[in-house]
Amino acid sequence: MLTVTLDAVTTAALLFIISSGLLIVFGVMKIINFAHAAFVTVGAYAALVGSQLGLPWVLVVPLAFATGALCGALTEATIVRRLYQRPLDAILATWGLGTVIGQLITLIFGREVQFVQAPITGTVDLFGIDYSAYRIVLIAAAVIVAVVFTMLLNGTRLGLSTRAVIMNEMLAQGLGVDSSRVRLITFAIGSGLAALSGALITPLSSVDPNMGVPWLVSAFMLVMVSGGSLLTLAVSCILLGGLQVIVSTFVNPILGGLTIAICAAIVLRIRPEGFARA
Amino acid sequence: MPDARPLSPAAATQFGVSRRWSAVLLAILVAAGITLAPLLLDTYMINILIRAFFVAIAAITVDIVWGYCGTLTFGQSAFFGIGVYALAIIFTEYGFGSWQILLALATAVIAAAAVATVTGWLSFYPGSTPLYASIVSLVVPIVLVQVLYSGGTFTGSSSGLVGFETFDLEFENWFRLAGLCLAAVAVVALIATRSDSGRVLKALRDNDERCTYLGINTSRYRIVVLVVTAIVAALAGFGYAAFGGVAAPENASFTFGTRLIIMVALGGRGTIIGAIVGALSIEVASAYLSGSLPYVWELIIGIALIAVILAFPDGLVGIVKRLMRGVQKKQRGPTTRLRPVAKAAANAEENAVAIEVRGLGKHFGSLSVLDGVQFAARRAELLSLVGPNGAGKTTLIRCLSDGRERSTGFVAIAGHSIDRLPPDRVVQFGLGRKFQAASVFETLTVAECLRVARTHRARPSLITTSTVLELPAAAISVVERSGLADRLGEEARNLSHGLKQALELAMVLSLEPEVLLLDEPTAGLTRAERQAFADILTALASRDRLCILLVEHDLDFVREISSRIIVLHQGKIALDGSVHDIVNSALVREIYTGQQAAASEAVS
Amino acid sequence: MISRFFLASAALTAAIIPAMAADPIKIGVPVGLSGANSVVAPSVVQSAELAVEEINAKGGVLGRPLALEVADDGSGAAGAQKAFDALVFQKKVNVLISMETSAARNAGLPIVARGKTPFIYTSFYEGKSCSPYLYVNAWVPEQQVPPIVDYFNREKKAKNYFLIGSDYAFGRGMLSFTKSYVEKTGGKIVGEEYLPMDGSDWTPIISKLKASGADAIITSTAGGAPNVTLTKQLRAAGISLPYGNLAVDEGTAKSMGADAADIYISASYVTGIDSPANKTFLAAMSKKFGADLKTPNDLSVPEYEAVYAYKAAVEKAGGTDAQKVLAALSDVSVDGPRGTIRMNKQRHAPLTMYLGQVQADGRVKVIQSFPNVDPGAQCPPKS
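Residue numbers (my numbering), protein chains in the order written: chain U, 39 to 316; chain R, 4 to 607; chain V, 660 to 1042.
Treat each hint with caution, since some may be false.
Just so you have them, the derived chain U footprint on chain R, three or more residues with Cβ under 8 Å [stated by the list, open to error]:
no.	stretch
1	130–141
2	300–311
Here are some chain U residues the structure puts well away from chain R; computed CB gaps all over 12 Å [claimed, not checked]:
no.	residue
3	Val47
4	Trp95
5	Thr116
6	Asp127
7	Val138
8	Ala156
9	Ile158
10	Thr159
11	Gly197
12	Ile223
13	Leu268
14	Val273
15	Ile276
16	Gly280
A short list of chain V residues far from chain U (calculated; beta carbon distances all over 12 Å) [stated by the list, open to error]:
no.	residue
17	Ala716
18	Cys789
19	Asn819
20	Val849
21	Asp874
22	Asn886
23	Ser934
24	Tyr967
25	Ala976
26	Thr979
27	Thr1011
28	Gln1027
The set of hints was computed from the structure by calculation and includes no laboratory data.
Computed from a prediction, not measured in an experiment: that's the story for all the values here.
For glycine and all other residues, C-beta sits at the position ideal for the given N, C-alpha and C.
Hey, can you work out the whole structure from these sequences and the hints?
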């Protein structure tokens, strides 16, 4: 039982880290960034390059964030900005971009599965069971991501502008908020977070051009069902991630893999605002 | 400007006839081309084209769901896959024979329809967003492929099914069969999308909310379209597997689903022809290029997709159309004649209560936006709703027109409780709502917009385009007085702001409502337009005996036209009385004008 | 890194054109240059190129040169249909010789039947593929699994097996045979779990494994990413049970670093086979490809041998007539890097299997060899 609980909590942490970048973009722009998976992959490759250069892990993670943020900013400025009036086209364009990034990575790094040495290996003894140490670290990472971005949103001028744009863009513009700058920065931060998550999962995963894709649908559904705030995203991750672990453990892992998508769709059908407060 | 003067009926018919004959001639030429083409092509090309034809049918279904109805769907591949596997599983399990063929066909159709119904139910409901529907469409093929993988020898798992006996036709005949199927689907799709019903699909795409408030159950429309296209896609998959003799999970995959979207996007969405052009050119190009450029092919496709979306959202067909339009001015369809509908027998008494509100409240958590709102209004009353920004006026309008909006209380329209009903049902009780920002169908012509507004009164044809537009007298009067009558053939997006407002009003009046809700109808209008509007409204109340409920900021306008005024303040009715009473009330001066000034400062 | 791409293109466009007058015999190689197989595909193409070059240098087959036609099958059914169409109907090849995914092979079978073209399949697979046009010279579960299970039973005293796989035909096929073989040899299956093919979080399965009391694990995942993520997560969870991996190849094991140490593999080819034929082959490969050489492996070496098998069959049949060549293929034998191979068991071949253990430095140490393991009944004649 303890193992299942730990599995559930660490899975929720992993899901939260991966979907938080998507959520921030969704909150401000009301679009789902289909290139998210590609940015996750970019982050993992940044971590790969960083660790091959011999950088310590504390530098590798910011390097991944910066690479992702740069890619995100370029994407916003060249593609997404022109498509604000056509949100579905924006989705499609980001999907196209995802393909392009994936192919470029393949051309540069090859299709081979690559490896990044984990900063922390082995297990720790927790309440009498051996548990993968790195998964425990992920819980801390998720908490840090959540705290940093809550502080950023609530404690800075940028955060204030961002929340203003989220609530009422027209009004915010009227009050002198440069909403296109807010969008640029938001998209960059969201993409940076995607890349950061890519770097953080490398110790558990392989690094290959398609590594981000399996996470994509779960992340989409979690963001949709969370309705747009970090807090409800955390709740969604714990509830649905936990359910995924339970189904995987007690029914079978294949059904477990579909749990989030199916449950989120049903939740949204019954309660269109998802886990957000009405 | 195209000539929009109504043509004589004879001329209109002639126009239709010549158009029809040229279409028939074209169809015969295409059929002859398909029949003769295999004699000219090599076996390899024939092979590629047979598969491409079936894929193109699936692409057409994507075009209808996405290009026409506006739902970006990644999921048509799932229905294609259902057709593929229905054939493969049944031929593998039971062998090949006539009853097996029928069973496989029936399975394909029923399974596709069932999955589409569930998908539609999950994707389309009042309040669902297009983004959400897209994401659900992404989940469908992913779940289906997972089911196929887990299916062991029954589905062949990742290896798919192969080795079943299937139709034994020559390549040339497969080519003719597939080509004619594609042509037939294309013709049906072209006729249906150009018919009056097809206009409704475009209206769904342009403005779902407006459709809902025209009494159209948009969710049901979308589900029906999804089910029909799912069946067609499944039949395309059936043909694909019958020819190829293979079923593979890829045929149902989300990757294939996105490829279909790319085909439609490159070819030109919303044109049917674009889907065919896109599908055939990508299939043929990939057959020649992807083999020799395996790494770069996907890259080229990705870049092409981004470029098309950014620079040519209408795709190849759009580019060609634009070039041709330069040469030849476009007359869109036959010209429309207006005709008044026979007025329904005056129902109920002339001064019946048209709208009744009791104890209405709207709360967000502990925040109360409306509280204890209570009033009734009779036919022929012109009731203005005033109050400072944030008083809850627009929220009240929303609560009156959508049964799911209010937190507490009772609302009845023409004696029918609106209960928790969605807007399309409330509209059917006799409610018409005009939005603050002109809400019309941008890519439809004026006549088409008005026809869509008549959908729930006059069931639109699936095949033909009617040349006669029957409208109630009130709507015709707006159309004529505003000058829209001269511009019936023009697309709504080209109209001025004032004309759009008039068009929307005419559309709402086409519903023959008893209660008309208007949210700041004069915002942004010129002085002359405003005066014309005042005349129209007064006439509607006095002559057509409509109950009009109006949200308005302009107190002069309100004073001029209203028969009664309600002042809303902080979510409650502060005053309710005659124009004279309200205008001279000290309270109104204080709470309304004072805060109004403050609020407008804050906004600017 | 870019060179890989140019190499692949060059291999595609410049089919080897020998200086012989006669019409070349065309060999079609549909292979996954993109998609799941794209990591291993270049080594397969290299094997084929070496075989063709060697044969042409010695005068070709019946005086005719061999020519390769490579086509990308995208590692899947849709791509394979296009690739087979192109090779059979456009290039009109005389034979198809290739390592492909099962989905691609299946998609190609109706096309080779329509085009009446012989097809030698050179990839190990889950078995039971049966067509009059198909020959297979690589292993099936009946050949690969017993060495590992027998070794675990005998040396590790394993009784309780836990099986983990990816949910696809190969994963399920291998483990279902493993299950029956373990039970037949007196062991017990204490768990059998699958993750979707692209799944990458094995946590719940690993937790189950820890609770199951297993004393050996056998895994059969999709190649590449799932295999790597599973191994990493097993190691991160501190699992050190005897670990047989049915899907890992030498190259992947090597790049996995310390995590791969102590994995047991079973293969019909490892680079360390100590035979003159293998040494000659490896030397010829290094000489031909130099720095661009893709390490030969269990998927690429059968391709090399199959080209020779086709040569022998054409010579025995006295020409490229499909029916005669198909009849001859079950009689001829090839002495190659893997030993003497003859596809005489229901169009499959008895093979010598090697049980290897991955060392800390990534090398595979051969622990034992099992000569002439029979493929069993893969394509029984219809009664």
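Hint-by-hint comparison with the structure:
no. : hint    : result
1   : 130–141 : holds (count 9)
2   : 300–311 : holds (count 7)
3   : Val47   : holds, 25 Å
4   : Trp95   : holds, 32 Å
5   : Thr116  : violated, 9 Å
6   : Asp127  : violated, 5 Å
7   : Val138  : violated, 4 Å
8   : Ala156  : holds, 30 Å
9   : Ile158  : holds, 33 Å
10  : Thr159  : holds, 32 Å
11  : Gly197  : holds, 22 Å
12  : Ile223  : holds, 22 Å
13  : Leu268  : holds, 19 Å
14  : Val273  : holds, 17 Å
15  : Ile276  : holds, 21 Å
16  : Gly280  : holds, 20 Å
17  : Ala716  : holds, 31 Å
18  : Cys789  : holds, 28 Å
19  : Asn819  : holds, 19 Å
20  : Val849  : holds, 15 Å
21  : Asp874  : holds, 17 Å
22  : Asn886  : violated, 8 Å
23  : Ser934  : holds, 29 Å
24  : Tyr967  : holds, 29 Å
25  : Ala976  : holds, 39 Å
26  : Thr979  : holds, 35 Å
27  : Thr1011 : holds, 29 Å
28  : Gln1027 : holds, 28 Å
In this structure, the hints that do not hold are numbers 5, 6, 7 and 22, in rising order.
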